[in-house]
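**Student:** Chains as they are written, first to last, in the working numbering: chain G, 525 to 907; chain D, 525 to 907.
These are calculated hints, taken from the structure and not from any lab test. Hints may contain errors.
For identical chains, the list gives no copy identity; a pair is met inside one copy or between any two copies.
[What the hints assert, rightly or not] Here are the simulated DSS-like cross-link-like pairs (lysine-lysine), alpha carbons at most 25 Å apart as the crow flies: (1) LYS852 / LYS757; (2) LYS757 / LYS854; (3) LYS622 / LYS812; (4) LYS734 / LYS812; (5) LYS681 / LYS888; (6) LYS839 / LYS622; (7) LYS528 / LYS780; (8) LYS757 / LYS571; (9) LYS622 / LYS734; (10) LYS757 / LYS834; (11) LYS839 / LYS528; (12) LYS780 / LYS757; (13) LYS612 / LYS812; (14) LYS731 / LYS852; (15) LYS796 / LYS907.
Number of protein chains: 2
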Amino acid sequence: MPLKHYLLTPGPTPVPERVALAMAGPIPHHRAPAFEALFAEVREGLKWLYGTKQDVLTFASSGSGAMEGAIVNFFEPGDAIATVNGGKFGERWGKIGKAYGLEVHELNVAWGHAVDPALVEAALRENPRIRAVCVQASESSTGVAHPVREIAAVTGKTDALCIVDAVSALGTMPLPMDEWGIDVLLTGSQKALMLPPGLAFGAASEKAWKRNETAALPRFYFDWRRERDMQRKNQTAWTPAISLVVGLAEVLRWLKEMTLPEVYARHERLAKASRAAMEAIGCELFAKRPVVSLTTVVSPGGIDSDKLVKTLKTKYGVTLVGGQDAAKGKIFRIAHLGYFDDLDIVVAVAAIERALADHGWKAKPFGTGVGAALEVMATAEAK
Amino acid sequence: MPLKHYLLTPGPTPVPERVALAMAGPIPHHRAPAFEALFAEVREGLKWLYGTKQDVLTFASSGSGAMEGAIVNFFEPGDAIATVNGGKFGERWGKIGKAYGLEVHELNVAWGHAVDPALVEAALRENPRIRAVCVQASESSTGVAHPVREIAAVTGKTDALCIVDAVSALGTMPLPMDEWGIDVLLTGSQKALMLPPGLAFGAASEKAWKRNETAALPRFYFDWRRERDMQRKNQTAWTPAISLVVGLAEVLRWLKEMTLPEVYARHERLAKASRAAMEAIGCELFAKRPVVSLTTVVSPGGIDSDKLVKTLKTKYGVTLVGGQDAAKGKIFRIAHLGYFDDLDIVVAVAAIERALADHGWKAKPFGTGVGAALEVMATAEAK
Numbered sequence: 525m526p527l528k529h530y531l532l533t534p535g536p537t538p539v540p541e542r543v544a545l546a547m548a549g550p551i552p553h554h555r556a557p558a559f560e561a562l563f564a565e566v567r568e569g570l571k572w573l574y575g576t577k578q579d580v581l582t583f584a585s586s587g588s589g590a591m592e593g594a595i596v597n598f599f600e601p602g603d604a605i606a607t608v609n610g611g612k613f614g615e616r617w618g619k620i621g622k623a624y625g626l627e628v629h630e631l632n633v634a635w636g637h638a639v640d641p642a643l644v645e646a647a648l649r650e651n652p653r654i655r656a657v658c659v660q661a662s663e664s665s666t667g668v669a670h671p672v673r674e675i676a677a678v679t680g681k682t683d684a685l686c687i688v689d690a691v692s693a694l695g696t697m698p699l700p701m702d703e704w705g706i707d708v709l710l711t712g713s714q715k716a717l718m719l720p721p722g723l724a725f726g727a728a729s730e731k732a733w734k735r736n737e738t739a740a741l742p743r744f745y746f747d748w749r750r751e752r753d754m755q756r757k758n759q760t761a762w763t764p765a766i767s768l769v770v771g772l773a774e775v776l777r778w779l780k781e782m783t784l785p786e787v788y789a790r791h792e793r794l795a796k797a798s799r800a801a802m803e804a805i806g807c808e809l810f811a812k813r814p815v816v817s818l819t820t821v822v823s824p825g826g827i828d829s830d831k832l833v834k835t836l837k838t839k840y841g842v843t844l845v846g847g848q849d850a851a852k853g854k855i856f857r858i859a860h861l862g863y864f865d866d867l868d869i870v871v872a873v874a875a876i877e878r879a880l881a882d883h884g885w886k887a888k889p890f891g892t893g894v895g896a897a898l899e900v901m902a903t904a905e906a907k
Numbered sequence: 525m526p527l528k529h530y531l532l533t534p535g536p537t538p539v540p541e542r543v544a545l546a547m548a549g550p551i552p553h554h555r556a557p558a559f560e561a562l563f564a565e566v567r568e569g570l571k572w573l574y575g576t577k578q579d580v581l582t583f584a585s586s587g588s589g590a591m592e593g594a595i596v597n598f599f600e601p602g603d604a605i606a607t608v609n610g611g612k613f614g615e616r617w618g619k620i621g622k623a624y625g626l627e628v629h630e631l632n633v634a635w636g637h638a639v640d641p642a643l644v645e646a647a648l649r650e651n652p653r654i655r656a657v658c659v660q661a662s663e664s665s666t667g668v669a670h671p672v673r674e675i676a677a678v679t680g681k682t683d684a685l686c687i688v689d690a691v692s693a694l695g696t697m698p699l700p701m702d703e704w705g706i707d708v709l710l711t712g713s714q715k716a717l718m719l720p721p722g723l724a725f726g727a728a729s730e731k732a733w734k735r736n737e738t739a740a741l742p743r744f745y746f747d748w749r750r751e752r753d754m755q756r757k758n759q760t761a762w763t764p765a766i767s768l769v770v771g772l773a774e775v776l777r778w779l780k781e782m783t784l785p786e787v788y789a790r791h792e793r794l795a796k797a798s799r800a801a802m803e804a805i806g807c808e809l810f811a812k813r814p815v816v817s818l819t820t821v822v823s824p825g826g827i828d829s830d831k832l833v834k835t836l837k838t839k840y841g842v843t844l845v846g847g848q849d850a851a852k853g854k855i856f857r858i859a860h861l862g863y864f865d866d867l868d869i870v871v872a873v874a875a876i877e878r879a880l881a882d883h884g885w886k887a888k889p890f891g892t893g894v895g896a897a898l899e900v901m902a903t904a905e906a907k
């Protein structure tokens, strides 16, 4: 029998059957009342998910398009921004800023570590020209959760905006935009929203919209004001990715049925179980302040993690990802965001136990990792 | 019984069942060999469809994103461009150019008419600073086919680029990029490619890539050089819209099975049949040089075409579109691009005959339009 496939990557993530079937139906026309009603439902659901009274805008693009939008809509040429760079996605803020002529102050953080909010506060104090702090809620190249709430508290006392890429975080943990004072909050479709890639989302606070009035960087496709004015009419400026919007409506309905506290608790439980399993078999965790959306693990015994990932894929059908850039060959990453349950973690841990042994590393008897994961799950249920 | 729905709009267009089912399958990871093999197949198929040796780049965006890319990758601030403005999409070239600080020379053409290539030639002669001519192969707001081949022959004798938006044209008519000397050729997924919206495509000639070396407009998400370098490795710079790429592979396979001459002949036949039907019932065609992808018709007897469109939708389940801007209330548009056959045209014409009568206009007996369409189809078959 061909291998069954298990997708445990931090995007794309598995699409639930009911969502895939909804998207396989006939395509409604985007200028028709039926689509407008659907889009109104989606807009309302996104506000609920974001915890905001602001408009949450939908774009036909990947998350990087929303990151570009978060830059080009809120600055003037030559403006200074601070970026938290502790991984691939943090680095991207700097690349976008430079592409559009901004003065970029990178707050460099060692891979695997979270930024210290005091460092952000000091940067803003020392350089009052800095007009924004750009950060990831979940840096998925390292599995680190940056302290977004604390950073928003810092920027909230200044004129700087707090710009948060939550592409692999939103829907896995509370990120109440208005309550925490986040100024720009981004996400994408292919993570906790359980859809294929192709949609990105962004919302802006009053403070950010005020800034937008004088923003002078060039923009067209990612012009948020034009989108806001259109989307308030339940239309989009450019043709929307209709089938994905149909799927999104189904996802938002399902998230409401499950309730957000339940969804967050499940992600928390899966993350705890994964970490406990890896530690039980003697592996070191890579992220010092781990996100709940993925678990990053140092490959033990000098095993090249790329080779381990290959074994997992070809022998067990389990798709994980290894490390990038500074972490290449050194770490592997177990994603558990979106459509994942307890037994998906059992599958991943069991396959990892086997694959590590295939590569000559077996510190504990088979089942040790799985057992630790099950303990965490049973304890969570008993509470 | 609820109404059956018939979608005859110039994007989105109906998605064939085999394509919808392919897209409903499990999502492959975009950094995995299986996706790379699929993307290699897609890249090859797109070159075949474009008639080019150049790379055809795939973007997660709607067609407007590809239009933005066609501007930001080939110019310097202050460069002059000429745009053919004879409809909504022609107008968009000017908006994008101005958003990025270009000097825009609009060649205005009355709605319903095609641009005269002599006008383009004169503009380039009078203003040698013009570095490109931007035009639509199919201006879907009016149903007009601009003479792209002739315009490319004109720009070919100058330093100017010929930039062609073929979003609603490619796959309906021959547009051999290399043979005709088109410098930048764009299209989108939701037209003749029979997919949901969410993918856009662009290719550039040697002449355009040479220009790209000194292009200095800011860009990041739509940076074509970065995409080209990645896509040559069967990867994308940013997360691709994976499910749509899976569908695209299926579409390209099917187009190859049908063969392009057959596909173009079918579009030609459906267009001829639609025009013959409308003229037979006494309606005036709006486009003086009609495209094969849609048929635009002046609403007869002073009937508000928006009301006619509403009747078609609510009483017959047939979704057409009316006119925009200058043509609002005055025309209706029957699209037949992509997954359409002869009997789809029969459905559209029959419903139009009924709906016009509902609005008090009936110049000919019922069946006159359908009969004219069938005559065209039978004649085409006899050849």
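**Student:** Give a verdict on every hint.
**Tutor:** Hint by hint, here is what the structure shows:
no. : hint            : in the structure
1   : LYS852 / LYS757 : between (46 Å within a copy, 19 Å between copies)
2   : LYS757 / LYS854 : between (49 Å within a copy, 24 Å between copies)
3   : LYS622 / LYS812 : neither (29 Å within a copy, 48 Å between copies)
4   : LYS734 / LYS812 : neither (37 Å within a copy, 47 Å between copies)
5   : LYS681 / LYS888 : neither (51 Å within a copy, 74 Å between copies)
6   : LYS839 / LYS622 : neither (43 Å within a copy, 55 Å between copies)
7   : LYS528 / LYS780 : neither (31 Å within a copy, 31 Å between copies)
8   : LYS757 / LYS571 : within (16 Å within a copy, 39 Å between copies)
9   : LYS622 / LYS734 : both (23 Å within a copy, 23 Å between copies)
10  : LYS757 / LYS834 : between (48 Å within a copy, 19 Å between copies)
11  : LYS839 / LYS528 : within (10 Å within a copy, 48 Å between copies)
12  : LYS780 / LYS757 : within (24 Å within a copy, 41 Å between copies)
13  : LYS612 / LYS812 : within (17 Å within a copy, 53 Å between copies)
14  : LYS731 / LYS852 : neither (39 Å within a copy, 38 Å between copies)
15  : LYS796 / LYS907 : within (15 Å within a copy, 71 Å between copies)
Violated hints, in rising order: 3, 4, 5, 6, 7 and 14; the structure is consistent with all others.
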